[in-house]
Structures are given as structure tokens and as C-alpha cells.
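Student: Sequence:
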Amino acid sequence: MQVSAVTTRSKARSGVRSGCNSPVLCEEVIRELRIERIRQAQDEEAWIHNLKKHLVGEIRDLTQEEARSCGSIVMDYEVDRHDLLL
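Residue numbers (UniProt numbering): 1 to 86.
Treat the hints as calculated values from the structure; they're not laboratory data.
Pairwise CB distance ranges (calculated):
hint, residue 1, residue 2, range
1, Val-79, Glu-27, 22 to 28 Å
2, Arg-34, Arg-60, 28 to 34 Å
3, Ile-30, Val-74, 29 to 35 Å
4, Ile-38, Ile-59, 19 to 25 Å
5, His-49, Cys-26, 27 to 33 Å
6, Glu-78, Ala-46, 15 to 21 Å
7, Thr-63, Asn-21, 47 to 53 Å
8, Glu-36, Ile-73, 23 to 29 Å
9, Cys-26, Ala-67, 41 to 47 Å
10, Ile-59, Glu-28, 32 to 38 Å
11, Pro-23, Val-79, 27 to 33 Å
12, Glu-28, Thr-63, 38 to 44 Å
13, Trp-47, Arg-81, 19 to 25 Å
Idealized CB from N, CA, C, for every residue including glycine.
With the hints as constraints, model all of the structure from the sequences given.
Tutor: Printed below as a string of C-alpha cells:
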């Protein structure tokens, strides 16, 4: 039995990157898109953006109030290799 992939709409219109011709590659593309969307959403939230700066040692970029606010919760979080808050 042979299974062939069928595309029902254009790749350009669906937002799928070209070169996604294996399930493993498609999963990697989807994973990268998810990571980028999460990073973007986290950076849009001021308190998360400030907390991430505090975690990586960029405290000088924060106001005294922002640093104090982050300091009270910083021990509950960490930043992963993708710069995402965990």
C-alpha cells in the first residue's frame, strides 16, 4: 500500500513554508512557529518582558520599581534556551 500526500490549497495561502515534505520536518516547522508566537506574546506583556530581563541579568534596563516588582517573584521562573519564560 502506498500513501501519497495531497495538498488542498496553495502553500503560500496556507502559510506553510515550502520544503515541508516530511512529517518530521513539518513538526519542526510547527514547533519553531509555536516558539516564535509564544516569545512574541511574552514580549508584548510588560511584566513578562521585565521579568525575563531580570532573569538574564539586564536589571539596569529596568526602573527601580520594575526591578523590585520582579525581584519578589523571580525565583519562581526561569528562561529556557529559546528565551521563553518557564
